[in-house]
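Going down the list, the sequences are from chains A and B. In terms of this note's numbering, the first sequence is numbered consecutively and its last residue is 232. In terms of this note's numbering, the second sequence is numbered consecutively and its last residue is 232.
Worth flagging that the hints you see were computed from the coordinates, not collected in a lab. Nothing false has been slipped in among the hints.
Since the list gives no way to pick out one identical chain from another, each pair is judged satisfied if it fits inside one copy or across any two copies.
Pairs of lysine to any residue, SDA-like flavour, derived with a Cα cap of 25 Å:
| id | residue 1 | residue 2 |
| --- | --- | --- |
| 1 | K191 | L181 |
| 2 | K191 | P201 |
| 3 | K191 | L88 |
| 4 | K191 | G215 |
Protein chains: 2
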Amino acid sequence: MHRTRVRVVEDALDANNTIARANRDDFDRAGVKVVNLMSAPGAGKTTLLERVLGSLDGVRAAVLEGDVQGSLDADRLARLHVPVTQLNTDPGFGGECHLDANMVRSALPEIALGEIDLLVIENVGNLVCPAEFRVGEDVRVMVSSVAEGEDKPLKYPLMFRTCELVLVNKVDLLPYLDYDVDKFLYHLDAVNPGVPRMFMSARTGEGVDAWREWLLELTMGVRA
Amino acid sequence: MHRTRVRVVEDALDANNTIARANRDDFDRAGVKVVNLMSAPGAGKTTLLERVLGSLDGVRAAVLEGDVQGSLDADRLARLHVPVTQLNTDPGFGGECHLDANMVRSALPEIALGEIDLLVIENVGNLVCPAEFRVGEDVRVMVSSVAEGEDKPLKYPLMFRTCELVLVNKVDLLPYLDYDVDKFLYHLDAVNPGVPRMFMSARTGEGVDAWREWLLELTMGVRA
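Assemble the whole structure, with the sequences as input and the hints as a guide.
Laid out in structure tokens, this is it:
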């Protein structure tokens, strides 16, 4: 029974990877860089996008917004005059807890790939399953809020291990938390040694310039 | 294809419910009350248990600790001299994002049901899938950290809709956040009208007496 189950799961992940490669081919042909942005619920993904998407000079950005239900984040981002496509996962299984490659593929007809340089896919807020499903992205960026505590890399290792950049958000709250930055970095390096990390506050704007520059460099291939 | 998939999922949930009922029967026979404690990662479930489990006079409590990997929380709770059983979900699918009834059932031989009055099942930190799987609990309690923002009931409606108590945690951070309590309550009542809610800070201890009393009342059947 267990053996059967594992095989089914492997088949599902294999199919996902096939579709993710097809997505990636489409993105590459159009010259679009794709970021898969992931975090726990309420870590600040949308606010970090609000901080930078309106000021990426020379980069035409769009967002694919993944949510179980509703379009609160898409509505916020649309105010920046950036094209936003909403993808709701609630038709499946009382709400899928992640985006997969086929969901992203189903949204591609709504996205004018020929008219953009950067697509940010804002995943469902969850530190487990989004890490298991490639969607065709070039890079994975995760947001870790200091309000969540410094033990999270050890508790959700796959997420921290498979990302190319960690945005440590809400540093304005550090004076009011029992959060040991050194301990967080120790845990982070235990699961993903040397992964680039940036400290910032989406609320105050502190540190977000580095995130903007990183996106510019990713898209334009040169440091801004 | 979609039709087939939905049927498979329904079968899985049906099997889960069957096993959940078997768990519930075992708990009832032993006279053990069971709480399924859920939240996003880092909302404070473990700290809220640390605050109350050592001081539940007359109640013999135990914890079943669900994590993708590791035993950090179980180690913390064991210091309270409360029996803790660790359940790791990582043998499945790169880490299951929730506990299900069969996982809980597999742990029951490790728990001395005849010697306890209250079992708290601390679920995996996730606002989506844990809400979809009954595990045999009497009641579902969820923790919502104010650091996550006031929009969460609208974004993760199943979780907020299927719980019997909401612990709004980290209220000591309110002066430093753009969090509108009235808006949160409006959203909460939109998805689960009138659900009992308690405001507290696991860090400072403010408000945790109400949570302790609630557990005593649940277990002893009288207000402490």
